[in-house]
Each structure stands twice: as C-alpha cells, then as structure tokens.
Amino acid sequence: MGVRRWIESWPVYRQLQGEDPLGRGAAVTSATTERLTPRTVTADRVAKSVCPYCAVGCGQNVYVKDEKVVQIEGDPDSPVSRGRLCPKGAASLQLTTGESRRHKVLYRAPHARDWQEIPLDRAMEMVADRVLKSRAEGWEDEKDGVRVARTMGLASLGGATLDNEENYLIKKLLTALGVVQVENQARVCHSATVAGLGTSFGRGGATMFLQDLQHSDCIVIQGSNFAEAHPVGFQWVMEAKARGAKVIHVDPRFSRTSALADLFVQIRPGTDIAFLGGVINHVLSNDKYFHDYVLNYTNAASIVGEDFRDTEDLDGVFSGFNAETRHYDFDTWQYEGVEMTAATGDRDQGYEEHSSGGESQHRAGKAEGRGSGGVGLSGKPKTDPTLQHPRCVFQILKRHYARYTPELVSEICGTPVEKFLAVCDALTENSGRDRTSAFAYAVGWTQHTVGSQYIRTASILQLLLGNIGRPGGGIQALRGHASIQGSSDIPTLFNLLPGYIPMPHAHANETLDDFVKADAAETGYWAYMRSYLVSLLKAWWGDKATVDNDFCFDYLPRITGSHAHYDTVMEQLAGNCKGYFLMGENPAVGSANAKLQRLGMAKLEWLVVRDFSLIESATWWQDGPEIETGEMRTEDIGTEVFFFPAASHTEKSGTFTNTNRWVQWHEQAVEPEGDARSDLWFMFHLGRIIRAKLAGSTDHRDRPVLDLTWDYPMIDEMGEPDAAAVLAEINGFDADGKHLGSYKELSDDGSTSCGCWIYCGVYADGVNQAARRKPGQEQDWIAAEWAWAWPANRRILYNRASADPDGKPWSERKSLVWWDGEKWTGHDVPDFDTDKKPDYEPDEDARGADALSGKDPFIMQGDGKGWLYAPAGLDDGPLPTHYEPQDSPFVNALYPQQRGPSRLVFDSEHNRYHPTGSKVFPYVVTTYRLTEHFTAGGMSRWTPYLAELQPEFFCEVSPELARERELEHGGWATIVTARNAIEARVMVTDRMPTLTAQGRKVHQIGLPYHWGPNGLASGDAANELTAISLDPNAHIQEDKALTADIRPGRRPRGADRVDLVREYQRRAGITDRTGMEV
Amino acid sequence: MKNSKPQFDSYYGKPVLKAPVWSPLDIGGYLFLGGLAGASSVLAAGAELTARPGLARAGKVAALGAISASAAALVHDLGKPTRFVNMLRVVKPTSPMSIGSWLLAGYGPAAGVAAATAVTGLFPGIGRAATIGAGLLGPAVASYTAVLISDTATPAWHGGYREMPFVFVGSAATAAAGLGMLAADPAEAGPARRAGLFGAALETVAMHQMRSRLGLVAETHHQGKAGKLLKAAEALTIGGAAVGALLGRRSRLAAAVGGAALLAGSACTRLGIFHAGVQSAEDPKYTVEPQRA
Amino acid sequence: METQPRMGFFTDTSVCIGCKACEVACKEWNAVPEDGLNFSGNSFDNTGGLSADTWRHVAFIEKPVEKPAEGVQAVDLGMPTVGQSTPDFQWLMSSDVCKHCTHAACLDVCPTGALFRTEYGTVVVQEDVCNGCGYCVPACPFGVIDQRENDGRVFKCTMCYDRLGAGQEPACAKTCPTDSIQFGELEELRERAAQRVEQLHADGFEKARLYGENPDDGVGGAGAFFLLLDEPEVYGLPPDPVVTTRDLPSMWRHAGVAAATLLIGLAATFLGGRR
Ligand SMILES: Nc1nc2c(c(=O)[nH]1)N[C@H]1C(S)=C(S)[C@@H](COP(=O)(O)OP(=O)(O)OC[C@H]3O[C@@H](n4cnc5c(=O)[nH]c(N)nc54)[C@H](O)[C@@H]3O)O[C@H]1N2
Ligand SMILES: Nc1nc2c(c(=O)[nH]1)N[C@H]1C(S)=C(S)[C@@H](COP(=O)(O)OP(=O)(O)OC[C@H]3O[C@@H](n4cnc5c(=O)[nH]c(N)nc54)[C@H](O)[C@@H]3O)O[C@H]1N2
Ligand code: SF4
Ligand code: SF4
Ligand code: SF4
Ligand code: SF4
Ligand code: SF4
Ligand SMILES: [Mo]
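Residue numbers (full-length UniProt numbering), protein chains in the order written: chain C, 1 to 1078; chain P, 1 to 293; chain R, 1 to 275.
Next comes chain C alone, as it looks inside the complex (with noise of 0.2 Å):
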C-alpha cells in the first residue's frame, strides 16, 4: 500500500474529509468490515433439504462451499415452516458439521474393554457373517406346528429418522431374510394413534395439516406441548390466535404451551379420557351435537346386537371379556344382523377359530394396521335414523357417558367445574356449520395403557361436533420425528407390511387368497388388497413372483403373538435374541425401563449401533449405570458391539414424511466424511455382500433373499444407491415399466409392482413429486404443490365431509370440496371418487368403493362412516372408558375396574409395579419434553448450541412440594421408583400445580426425559423410574402418568443405589404380584 492510500485509510484523515467529523460512522470503517460478505451469498450452491430432527419438517437451505455446509437456515418457500426453524432446526450446522460427530467405525470385542477402530469394509463383512450366523441358530421352520420360515435370532430397531427409501431398504431386506423383529420409534412414539384414529376413520394419520389450523375457531391443545415440540408449527396456532381463535391447553402442568394459551386447564395425567368423555356427556345431553353430520357421517344411527353389555352393566368390563386369557372377544360388540368379517384392522380375526397358535397368534399391536384402513364389513347394518332405538350407537354412548357429569370429571381429572364448563362451551360454540374447532395432541395422550382409547375419545367428540374433514376442524396428531409418519408407512414395525398391509400371522397352509380374504374387507377402498399386496410382491421379488407361485407370498416370514420392541427386549432376555440392530435409536435412554433394555442388550452376542456419535445405547458395556452399580462388569459382557457413524440429512437425499403425511425430498448436499454412511447405503450392501455370501445356495430358506429384486443403481464412488431409484419402485410400475400414477392403477394379476401403495403417485409420470417446490407465497393454503402427501396428495382427509349430504358446502366460510352438479371439486384433491354423485346409492352386492354411497365420506371403512362406537377393531372395547393408570395414588372412581383389563403387563424383577395409593410412593409423575433438546437426546446434548440452553437434567416440583420434602431450589432430589433411582437438579415452580381430586392434595413431579450420562449436557435419565406397561392395541409404553418418591440430595452410588429401590420395594410390599392383577 502506498503512502497515499495508507494515509487516505487513515480514518482520522476522512474524518477531516468532512463527511464524518465525528468519527462514528463510514469515516472509521476498516477494511475487515468493507469486504464483508454473507456466506450464504458467496456459496457455491444451495441444496434444498428437510429438518431432520421433528415431523414438522420444516425446510432448509442447506449452503455448500468447497464441497463443506457452511450455512443451514429455514427454506422461506416451504409452505409449512415460511422459512422459520426452531432451536433444533437452527442447530443443524451444528449437528451435521460439530466436533462431536464420529467418522470412523469401532469395534469393540467381546469382554473388551475399550473400543478399536477397524476398516469400514471389514467391519461389514463381520456384521454379514453375523446376520447369517444368528438368522439359523434362530430359525424356526415350525412354530406349534404352523410354517413360520423365519428366524428370531436377530432384531432391528429404529426407523422414524430414517428416510423413507432407506426404512423400505431395511424392511426389504430384513423380511426376505426372515427377520420379523423388525421395530422402529413409531411403537413408543404414536402407535396408539393408528389404532385410535384409524378405528374411527380409517386412516391412521392426522385428519387435517399444520396450515389449517389457521382456519380453526377453536383449538384445543390436550396431550402435547405444542409450542415446545412443534414450535414452528404453533405459528399456525399462533396464526389462527391473531384470527380470533379461542386456544385452549389442557395439561398436567403450565407449559410455554400454556403461557400463549386463552385458557390453561389442568388436568391429571391420566385421566382424559375421563375428560373429553364428560365433554361428550355435555354435548350430548345439551343437544349441541352437529346433527346432521352425525346422522350421515357417522354410525351413530347403527344398531349393536342384544348381546352387548356396556362397562355401566359390568362394573367397568365390557362384555367378552376372559379374564383367564385377560382378552376380549369381540362377538357380541357387533353391529346386529351383520356378520362380521375378518376386519381390515383387526385382520387376522377371521382366523381366530382355526389357526392352532392359540389366542395370541393375532393379537399383537395389529391395531398398527389401521394405519390407513378400518375395519370392514360386510352386509349393511341395520340402522335408525331418529336415534332413538335403544340399542343404536347414538343412545349406547349417552348411556355410556352419562354418569361423566361435571362434578364427576373434576373429581378424577383435578379440574375446577368451570374450567371443565369453558372448554364445553368453547368448543361447542365453535363448532357447527359455520365454525370449526380442532384438537391437537400428541404423546401426552397416547403413552398410556388406555391410549389408543384417548385418541378414540377425542374422535368421537370430534365426530360428534362434526369437526372432521373440513377446514380449520380435524384432529391433528402431531407426529414426532422427522420421518416417523414414513417409518410407520413403509414400515420398519413387526406387524407390517408397507402401506398398512399386515403382516401374515401364521395358519396353516395359508395361501395368498386365504390371507386376503380373511384379512381384507369387501367394501370400502380395502376391499382391493389384493391388487396392493400382489404389487408390493411384485416389487420385492419381481420377475419371481409369478401366479403359480402366489407371487412369491410364502417368501414372508410369518408371526405369531406379538414381536414388538418390548417384547423383543424379552426375548433379549431370554437368550433367543442374539443380534441387534440400532439404526438412529438409543433405547437405553429413550425406551422405558432403560435398566431392562441395556440388560438385554448384554445379553447379545453382537450389536450394531449406526449413529452419529456414541450414545448411550453403544457405550452401557463401559460406562452404563449398571457398570457403576456393580452390576454388571464390562469384563463378565460378552457383547460385540459395532459402531458405524451415520450419514446426517445433508450427507444423502431421500425423503421424509412429515406430521401431515406430506412426503418431502431431501437433497444431498455434500459427501459423508471418512466412514461416515447413509443407512441406504449400509443396508444396500448389506444385502449384496449377505446374497453373495449366499449365492448358489439351494436351501429354501435362502430363496427369498437371492431372488430378492437388489439391483440399485449407485450414483457415487463410495455406491451410494440412488434413493430415487428406490422412490421410484415405492412409486411402482405398470406392465410397461412406466411409472403409476395413483394406486387406482394397482392390479392384482402380477401387472403392476408397487412397493408402497399409499404411495403410489409420488413417482408420478417419472416425476419425483415429493421434490415439488412451488413456493408456498404462490400457492393456497393447501399448498398442493409443494412436495406430495399421501394418499393422492390430498392434504385434507375426509374432505367429503366438508360439504352437506347434498355436496354443498355446510357454509362458504368453511367450503373445502363440493358437488359441482358434474364431479367433486375444490380447494383440496377430494377423498372421494370425483365422479360418485351425492344422490349415489349402491346396490347389494356392491363391492369395493362401489359399496359406498354418495354420503360416505370415511371411504376405507367398510361401512364409510366415522365410529363413534367401534364393533371390533381395539383390544379394550368399542367405547374409551376411563381406567387409572397403572401406578396410580387413585381408585377408579367410577368403576370397581382399577386398571384397562386387557392392558399388558410384564413380569420381571426389574420391572416391578407399585400398588395403588401406596404412600411409598405418593406422587404423580409426568415425562416430557423442552423445546432445547430432542428425545433421548442423541441429536442435542451432544450439540453445544442447544446443552447450554438446557444444560442439566432437573425435575419440577411445586413450592409445596419442596416445602413438603426440604427440596432446595437448585439444589438436587433423588426420585425412587420401584424400577430405579436418579438424581435430577430441583426446580421449585408455580407452574407444577399440585392436584386436587378426590378430594385430597397431590403432587405432582415433572421430568423431561431427555439426559443420559454421555454428551455434553449429561444427567440421569427419566426412563430408568418408567415401566413397562403397555395399551393392548398398541403396544405403546405408559410413561406419561406413574407414582414415585422423591427426597432431597443426591442419589446413592454404587451398589447403595440398588438397595435403596430395594429397601422402597420392601416398604411399599411389592412382588411380583403388584399391579399384575387384570
């Protein structure tokens, strides 16, 4: 620089320049500041991706320089987030580029120590070699006679992170390999919300979408904590709020939630069944109930058979019920004059009589297969349309809810009668013709033994207001992690095929037709099963899968009872489980009774942990509470363990579906760094190195793996597979090998192939349609251009309902799709057949959709009505009825029935319950969430932005309470459960109201479960107080209302830590009998 321009730079000679005397503006800028540039402007490209923590899903930009992400920020296109993203989302760079990512894969031998690294490649040929060892050491050919073909040497866990293409991959591989253990988050997460919703409507996912709400009049948040889980979707809330909206939360505890509510209603965990089943009572016997709606829409007007007996005859049973067996018979719950057939949901129960697995073989968590289907029927049944018979649903439901009066709810749930009163009147004010009102929940209602109930409660109500398929109204269930809606529909769950086609139980010498016909309704869109299941056949085995063979349906593995998480953490237990997968899980903080999953999971021979960095579930044989305690010695564990580092969001492209069932792409953005691999890739060559370890065998049980259709192309020097490839054959082909356009083109002769029918039209004229990025400022609301949503893209389900019996709109302020006088029409693609007029009346011996009339709107119902009352389809009864919780400080108020009769149970040392209103263990508990991290944690207490935010694990407790104890604000507390003790830092707050019911004061203990002992933000973790408990349709954990102790300091260590929960026991007189009774 020459002497000029130094002096020129010198800002006290441009201050005498004049422009800037004083010296507090461009005079005294540096030379820093002048060739400041953003990096979002000076980066090479721009990957449009997809937050990869919640369902939101909301979107990103993902800026690329020199081949690094150096910048993610929300996507302001995406009609979902605007550009908004939340903690987490705006934490990704973080997630994807921090120090605390592994790139190398490790390996730690049996009885070791400390882990090694090894090569990449090496490291899956062992993994391969193992696979094939433990698939036939846990062959079964035979189960009690009946052909199985599979092996339950292995399991795999994980899936909701995952993209779609890589839980199909997973799926794929593992069925053909005749693994049934196959699990994901979906079990512990929202199971309950497949049985519940899809029992009423028949499709198990939410009702409406996040923009909608925007539309509603009234919205009512009960079971979740909206704007901490799904902050950037509460702006639609929000949205609706600054319309005028009335918001309501009802929950345990005052939340941020809370804090933008109209109205904050407490409520005891547990208990909101009892709630919404007094708002149905206050609907009811006010006659605010939306009477047309309910006369048409639903099975209101249906007649039940003589034998139905309600909880109200039964002290609190319904009939059919063996309390040998602790199940139900469905029988006498039927429609009258109508046989039932073997239902959709409930899908294997035509079987019931004739398999020879006993009772078991078809019950388990089968109400998964609700997810986009309800239960069918066959013949019509009879109905009355003045309501009035006394055997008709309409008036079973009165005198079921009748004695939910206001006094009775405030007397189990806590809530003062007024309170209870506002929320009747806000909704029934705001529902009807002209106003909408729309529930949302999430894992506050369905972690419960009764949840799948919950969610019936709620859709009944809704049904009843006639709230569903119109806009501003629905239930919205919000989903949650990013792909948890895909995980459950190209499902990584034992119980499923993708698309909600269940998975065969085992009979004998079933054949591709029985199994139809026994699983698949006649009338409603499940009458074609058939030509879904040939599809995906055809998709899997392609060529192979001919007529003559069945297409190949003997290549499925076939269960018997239930092969869910939890009980494959028994099987764990009981040595026949050898193998484990984790892919994006970390059940040793997430699942509950975490003692007992990492006490199976040292039970393994080997284990293969895929994430991003080492949690808790990869690193219990070194450092897991139960090394501290003494009770187990990494040197006495026998595991391998595997670790490969997973590719993050940015590293791959695929999809995921979000909350509202809207598939979205995700593109790649960079390459993986050292060892770094997308799940896709890993099970991709898995499967080519397993099928070329097994080539040229002749074994029969290998014939499904090499015939397997596994041919991916690879699009990069590392073979990654392309995911659209995979898309594609989710998508399906027609005979010509052209892409389908919707799964109407779906045949059942061997003509189409289709790996996931619901999603069949994301591909559509070989165009990636879930990649649709038409911004949303120049779309509607409904956005139909942005990405896909199944099925068909339409983003409201039920949507006929939205216009009157004549296919007019109820009013114009809620108009959605109509009658044009020609087709149905509007804002929405309508969830009906565009050309069936209103007036349309089927004959007889209609089948198929063509058995629905023009006023059906529930079209995967056999009957094509919304279920106030369900004859079949739930474990637990066709009415919600309000049970305790399983450990509860309360009788059951209402009946002698303390707990849901034919909830599951397990027996085990460690997984002891508590008796009702023990003293020991006087206060209610409740698990949840903070805005700052997610879940177990793997995807925030390892990212710094987000562990200072909230650093350490504390409980919540009120003023009383710690009065009560000697809690030290600050300071530390030890909570005891029958199953374990932790320590958490105490946090005395208001907003941990203490409970009023029955009459007596209790308290209430808060924990958000989100710490375990690695990462930067460590803590105990609350799923070590938790049991496993489960609801009965689901199979979904009750972890949202227990009883515990608490006490002030810290916990003890080492082995005083066993015998203080020991020395609980003893004091609260537990055995292995407590809490097991029916």
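With a straight-line cut-off of 25 Å between C-alpha atoms, the simulated PhoX-like cross-links for lysine-lysine are:
1) R/Lys63 - C/Lys241
2) C/Lys48 - C/Lys68
3) R/Lys63 - P/Lys14
4) C/Lys544 - C/Lys738
I should point out that these hints are in silico values taken from the structure, not numbers from a laboratory.
Guided by the hints, dock chains P and R with the ligands onto chain C, whose structure is given.
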C-alpha cells in the same frame, strides 16, 4: 418472603448494566498515576518558575514516571494490547478516552523531555519550554480521567460527573503534593505542603457534594471494598495534609510520612471510586431506582 | 446510501414462545462460542443475559398476576391462569438484543472507531479494529456489549450487518417461529407496534407497552424496540436509560473548571515568599 419483597422489580437480582471489565489495579492505577503526573507537572512548572530545582526535578521525574506507568497500565488492561495504536485511528470528541489518548500523545513527550533535560542537564531551554508545556497540559491530564469514568452508565460515576473532576484534581493535587513532600528538600517543598492542604480540602468538599447528589447511589461509597477504601482515603488525605502542613517543614520524617499518606490517600480515593462504580453497576437497585425516581 | 432507510427490530414479546431459536440462529450465523453449561435455576433461562457470547437472550419470568386490591373490580386479563391451588399466573418470555440506539453510548465512547454506525442506522463493532479497551462496556446503558474472555475484544449483535448488505434478513428474525422478532424499516415497525399495543389494550392487556420506540427518550429511541407486558425492570431492562454522552459537554465544562482550579490552586501555592 412476602415482606422481604424489594422495592423494585429485577430480573433474578441480576445487574441491568455491565460493570466495567477493567482490572481495578490497572485502571485505578491509571487514574491515580494520571493525576499524579498531571499535578506533578504543574508543581514542577511552578517550581521551575520560582527556582526550586529540587522540587522541579522531583515533579518532572515523577510526572514522567507516573505517566509512563499509567500508559503501561492502560495498555496492560487492553484486551488486545498489540492494538494500542488503534487509539490513534480516530479523533473522537465524544470519547474521553480518545481525547485522553491524544492529550497523552502531546503531554507524554513534553513530560518526557522535561524530565530528561532535568536529569541530564542538557538543552535547558528546550527543557524549560517542555516543563511549561507539560505544566499547562497537566491539569487536563489530571481532570480528563474524571470525564472518562463519568462518561459511562455506571451509576456511581455518571451520577457524580459534576463533582468528579474536582475530586480528581483534588486527589491529583494531594498525590503530587505527597510526592513533592517525599522527594524534595522540605525547604523547597512549601508549595507541596500547601498543595496538600489545597487538594485535601478540594477533594473533601467535592466528595461530600458528590455524595449528596448521588443520593441512594452514595450507599456504594460506604459499602464493601469501596467503603473501606474511601474511608481510608479520607483519613490518609486529611491526616497526610495536616501532618505535612504542620510538621513537614521542620521534620524530614514528618514530611515523608505526610507525603506517603497523601499518595496513599490519593490512590485509595481512585480505587475507592473505582469500586464504588463497580458496586453500583452490580446491584440493579442503583440502576432502576434512580431512573424510576 | 442516503436513501437507505433505517432498519430495526420490533420484538413483540406477547407472541414469544421462548423457544430460543433466535439465540441459536444468531450463534450459528456468527459462530459465537458456546456460553457455558450452567444450570441457573432461573426458570428456563440458562444463558443468563446478553454477553459477548450471547447476542440474543431470551428472558423467562414466572409471575403470579397481582390481585387487584379489595373492592376493586377484577379485570380479566385474558391471560391463561393456573387452576385452584396456585395463584393466577403468567410466564413472560422476551428476547433481548442490542438496542442499536439512536444515540449510542458505546459508539460515542469508543476511542478506536471500532464501533461505528452503518448505513442502516445500526451500531456495529469491527472486530479487526477493537483493541479491547473495554470502554464501551460500562458506557452502554442497557448492559449489552461485553468483553469476551480469552479474546479481549468486545462483541454484540451486529444486526447481521453482513446479511443486510446482501438484502437478507437477520438470522434471529428469520428463524423466529412466531414472528415475535420482526425486522424492517424502523418507521414502519413503529406504526405496526402502535397498532399492536392498541389491540392488546383492547384485549385487556392493560400493562402492555412499547419500550424503546420513542425518539424522544434518553437514547433518542432504539433501533431495536420491544412490546412488553410488564415493567421493563421485570425483564432486566432499565426503566429510563439515558445515553451517557448527553451530559458530555457538561462533563467537559466541569472538567475544564476543575483543571483551571487545579492550575490556579497550585499556582497559588507558589505565591508569597515562604519557601
Ligand atoms: N423440542 C422437541 N420437540 C420434539 C421432540 C423433542 O424431544 N423435543 N420430540 C418429538 C417427538 S419424538 C414427539 S413424539 C413429539 C411429542 O410431542 P408432545 O407430545 O407435545 O411432547 P411431550 O412433552 O412429551 O408431551 C406433551 C404434554 O403432555 C402432557 N401430559 C402428560 N400426561 C398427560 C395426560 O395424561 N394428559 C394430558 N392431557 N397431557 C399429559 C405433558 O405435560 C406435556 O406437556 O415431539 C416431537 N418434537
Ligand atoms: N419417559 C419417556 N420416554 C419416552 C418418551 C416420553 O415422552 N417420555 N417419548 C417416546 C418417544 S415419543 C420417542 S419417539 C422415543 C424417542 O427415543 P429414541 O428414538 O431412542 O431417541 P432419539 O434420541 O431420537 O434417537 C434417535 C437416534 O437417531 C440418530 N440419528 C439421527 N439421524 C440419523 C440417521 O440418519 N441415521 C442413523 N443411523 N441415526 C440417526 C440420532 O442421533 C439419535 O441418537 O422416546 C420415547 N420415550
Ligand atoms: S425441529 Fe421441528 S419445528 Fe424445529 S425446525 Fe425442525 S422440523 Fe421445524
Ligand atoms: S444498546 Fe448498548 S451496545 Fe447497543 S447500541 Fe445502545 S449503547 Fe450500544
Ligand atoms: S472495547 Fe473495542 S469497541 Fe469497545 S470501546 Fe474499546 S475499542 Fe471500542
Ligand atoms: S441481528 Fe444477527 S447478530 Fe443480532 S442478534 Fe440477530 S442474529 Fe445475532
Ligand atoms: S425465536 Fe422468537 S419465539 Fe423463539 S424465543 Fe426468540 S423471539 Fe421468542
Ligand atoms: Mo416420538
């Protein structure tokens, strides 16, 4: 709990303001040394003009030493000492530190030349000019630091901005007086002894007025570190001035004791004021209540 | 450049969900270091306040709503309330940031020109110039700007000066899920804010008020102003801050007189014959 509810609301009792990040020794020292240097230069100039070579030389050397140490303290306190020169990037009338820097840029060399010529005996003419120059700049050097600290949001500083310069020049006078009494022959040190009295009186009166203006915030002068320091400062300053004036002419020892007391008193004043400022920033009460009043 | 209108923030705390996305987005964009893993117990605030390592800070205040004195008709604030056993209750959340004062003390006192006013009317530190003198720290009447340990320089919100240059919205405003942080032309924001307060008053939020929007206040109005639901000090904000340099001329005058006093006073000690 109910009764103990404070008169004002605060956010978990957290400060509204950021307390100065300066190290007390560095910046307290900087204030003290600047005062010592500035007033010493004035005394030295007076001594030069009234032919008191001993007092003059002591003043000049002290001024140079003090101003060098003061600058060193300042640089030491910078987060990025290597960027000290950036002080001369701009001339900012709104920044007392900027003005101070330029002032020091003029004063420092003058004080340096004055001291160097005095010690070496070379270039007496230039030395004399420098001495007078430094003497004229000295008062500014002694007083600008008051503006420097007052020109903050720190309640105990800003609130006393009218009196602060008087406290500071008073304190500067006592420091320079103390040094003169210590270093010069008592026979020549009469002005120093009188300066001690003058400074002590000025400081005491100004301090008193400042406290009454500060109102509630004056509490910080009586609490904690500041309270101890200011109490000591008062005793040392008044005591030192008195001892010097009464006994300093006759007794070399008394002169030395009085001088040392004055120096120490001045240092305590600066440190006390410094801490009072910190304390006033750390308790939100001193921010909120005066603003509410 | 002359036509560039002044840009600012309107933070409407009545719609803030306390998600802290603004804190994180700011850190990601500006590569601000993590600020320590400390459990504070102060509601959900574990970052404590604005600092060199936290340029956006979300405050959480749990507050029982004051009951009106007896005999006074209770006004329904329309706020959610907790049932029976606890008093009516508010959980206030508010995202704080540098105010980008019209009369910015930090900028005024900065001796190096590290702080300067940009063409958007914002106040920005130039990291390559700051020598860490720390003067700006006590000068700020809002306690915003601070020195970073182990670095020595000071840091604070730049209102994403780099992004503005490219026509992009600041990272915090862009990410805010509920639009609690609104970025735009200051004039327009002031109008919008006035309407919003009116609406809240109509809805019964009597204590709703704007903070920092008044050009006649002690700092000449803030470039980042707020809608608060309670007194400023509840949020840790000064109720009536004044830019320190407003009094600077007077300070110089006093200093001048003091300097003269010193000169004259010391000169006087040489008067008279006594040595
Ligand atoms: N920030 C963040 N966001 C997330 C996640 C996360 O970990 N962090 N996880 C994602 C996942 S996997 C999921 S599934 C969703 C879950 O989202 P949410 O279900 O909203 O999350 P939770 O906080 O677990 O539970 C919701 C609320 O249920 C309340 N509750 C507990 N028991 C009962 C009850 O019996 N009745 C009623 N009415 N309420 C009850 C709790 O107090 C809590 O406020 O969030 C997703 N989004
Ligand atoms: N007490 C209690 N327990 C609960 C709940 C509760 O409310 N209370 N909620 C339940 C619910 S709803 C859920 S969903 C579960 C969640 O529990 P988990 O699913 O066990 O918890 P996460 O931490 O989400 O685990 C997902 C892991 O996937 C990793 N991951 C992310 N992306 C990828 C990828 O692309 N590939 C691979 N291989 N890995 C990836 C993440 O780093 C993370 O470690 O917890 C359940 N447990
Ligand atoms: S975590 Fe959920 S709400 Fe937050 S940015 Fe990601 S997708 Fe959006
Ligand atoms: S708030 Fe403080 S740091 Fe920000 S501009 Fe104003 S004076 Fe400067
Ligand atoms: S610390 Fe830096 S920005 Fe602050 S006044 Fe000093 S030089 Fe200016
Ligand atoms: S404007 Fe930019 S620098 Fe300022 S707080 Fe927001 S993100 Fe941070
Ligand atoms: S991002 Fe918005 S809503 Fe979230 S804390 Fe910040 S200001 Fe509040
Ligand atoms: Mo979940």
